Amino acid sequence: MATCPECNAVIEEKLVVRKERLLIAEGKDDEQFFNAMLRQLGLDEIQVLGIGGKTRLEGQLKALKLDPAWRQVSSIGIVRDADDDPDAAFRSVCSALKGAKLPVPSKALAPMVGPPTVQVMIIPSLRKEGALEDLCLESSADDPAMPCVEQYFECLAERGAPGPKERSLSKAKTRVFLTSKEDPTLPLGIAAQKGYWPLDSSVFDEVRRFIASI
Amino acid sequence: MARKLIAYEKRQKKGEAPAVREKSASYKNDADTVQKLLRYKRFEVQNFRCIKKLAISPLEQVNLIAGMNNVGKTTLLEALFLHIGETNPELALRVNNWRGLGPEIESPWRQLFWQFNDKSPIKLTATTMLGKECSLTITTKLAESKVVEEILPKKGTEFVKSSGVNIVFDYVNEDGKSRKVMGTPFLIGQGNIVRFELRMSPPSLPTRVTGIFLNSGLKSVLDEDVNRFSQLRIKQRDKLLLDAMQLIEPRLERLEILSPQGTTLIYGYLKDYQEPVPMPLLGDGARRLASLILAICTAQGGVVLVDEIENGIHHSILKGMWNAVAESASLFNTQIFATTHSQECLVAAHEAFLERDQYRFRLHRLDRLNGEIAAATYDQESLEGALSIPLEVRG
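As given, the protein sequences belong to chains Z and S, one line each in that order.
Heads up, the first sequence is in the working numbering, so the first residue is 1 and it goes up one at a time.
Heads up, the second sequence is in the working numbering, so the first residue is 1 and it goes up one at a time.
One thing to keep in mind: the hints can contain errors.
Derived pair list, reagent style SDA-like, types lysine to any residue, alpha-carbon separation capped at 20 Å [what the hints assert, rightly or not]:
(1) Z/65 with S/374
(2) Z/65 with S/388
(3) Z/54 with S/374
(4) Z/28 with S/390
(5) Z/14 with S/347
(6) Z/28 with S/392
It should be emphasised that the hints constitute simulated quantities derived from the structure, not laboratory data.
Keep in mind it's a predicted model, so treat the numbers as computed, not measured.
With the rest of the complex left out, here is chain Z (with noise of 0.2 Å):
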């Protein structure tokens, strides 16, 4: 988002679709984290687009293939959270991509011929509950602070205290555990981005192997 120099409102930022091979994450967030990966494997002929929300995904793929800039699109890759049932998800984006009449994957990482070609992952698996941030949070498991992250969730259970739901848990992980690092005020994408996550770890295999292929 930009400001405006005179009134200091808020100019909404419009976003162009300017590659040919374009991968659909989850929000903003997650787009910083993917622009990351990217850079580390150094492909710079695929776009992220952090745009994928759960309900909005039909009605954002049918705006964008309405735009002037789709015609050049030959793949595109969705990422979707698993969050508590990854075939729902599955099925969640695949409906998606019937509504908006692209073509419908039958299986994760499994490419549907287009144009345009489309392939989706589940994160972190098809057979996994989750997000993206169980992944970071397992890519840093040696870290040092991670142990002391583990004992202020122990700590709040022992004292009473409320504490997040378990199904917050891992992103109430990721907010304590970035705070360890040197900048503690960065969320999950510009940390990927300052190098806070290893994205060279095994962790992120599937991941890497699934952008490279869109």
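Using the hints provided, position chain S relative to the given structure of chain Z.
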């Protein structure tokens, strides 16, 4: 209602039903009926001004057209206007006049044709909500003689000259019946005054539906507004206009037609004012909005075309304006085509229609792609998607 509609169509075929359904259309219409009564479901333009070929569909009750400069937004409105007129070549002069193009006696029609090539006919084809096609083909034809030897009975007439190029409007209606009208332009000299005149053969028939074009200028024709307000008063629907005007002028309590000094105008009674205030003094925005609402109510069962609809309207009023447009269009079965360059205007339209029972709104963006103009049409879901990303939808 469907049975009534069929009966009406049969009567219309026999020439018994009125062209504009002033009496037969009830004010309260169910959504299905409104869909059937609306004029256009699809519209295609060929070889007209900057448009070689363009199809736009599906059309809704209210259609907002966005796009870059010189991509054909106003041209599309002009094409619709000519099509509504069916066999009225005079409208071709009128749309040129609105563009500031005076009649050129040697080639008065070239400016209508794509790349000024009047050898390729203009074809405007509509598909109605009932799925029937009606098309207008516009061609030029060399006159039999360029200089007309004519002795005129008019006093003082010195010469009459034809341009040598006539224009032919060939309209094929929903039932496949064709009617042709040829317009022959003449220059008539009277003393120092040279007058341009278009003579029709056979004479144009009155149009079956009303079409009103509001161009982008802020100045409306006050006489027309007075006439339209009178009609609205007769129908006892003038509160619609008052409600709309109160968006801009909350102190407004009542509207009346008065002629205190010979000139008849709409006057507004403002709270705490000793005297009523003539419409022109209520501001450009109020005048523009009044003209818009009056046009929609007057064109019952027809079409209103509005160039740069947001002109003169403050951004905070836009959603209210769209509410008023939606309400009056729905009540009077009027179909609206408007152009805009404004993000605030299109977002306000989207938000206003989201709050209604039915989302009778489409945004059509015109783009120039590989030298040709194409339309992208956003429905509720795709427009919401585009605004949430946010993607540029104005072109």
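Quick rundown of the hints versus the structure:
1. Z/65 with S/374: Distance of about 14 Å is within 20 Å: holds.
2. Z/65 with S/388: holds, 15 Å
3. Z/54 with S/374: At roughly 31 Å apart (the allowed maximum being 20 Å), residue 374 of chain S and residue 54 of chain Z break the hint.
4. Z/28 with S/390: Roughly 12 Å separates the two Cα atoms, so the pair holds.
5. Z/14 with S/347: Since the Cα atoms of residue 14 of chain Z and residue 347 of chain S sit roughly 14 Å apart, the hinted pair holds (cutoff 20 Å).
6. Z/28 with S/392: OK: residue 28 of chain Z and residue 392 of chain S at ~18 Å, within 20 Å.
When each numbered hint is compared with the structure, a violation occurs for hint 3 only.
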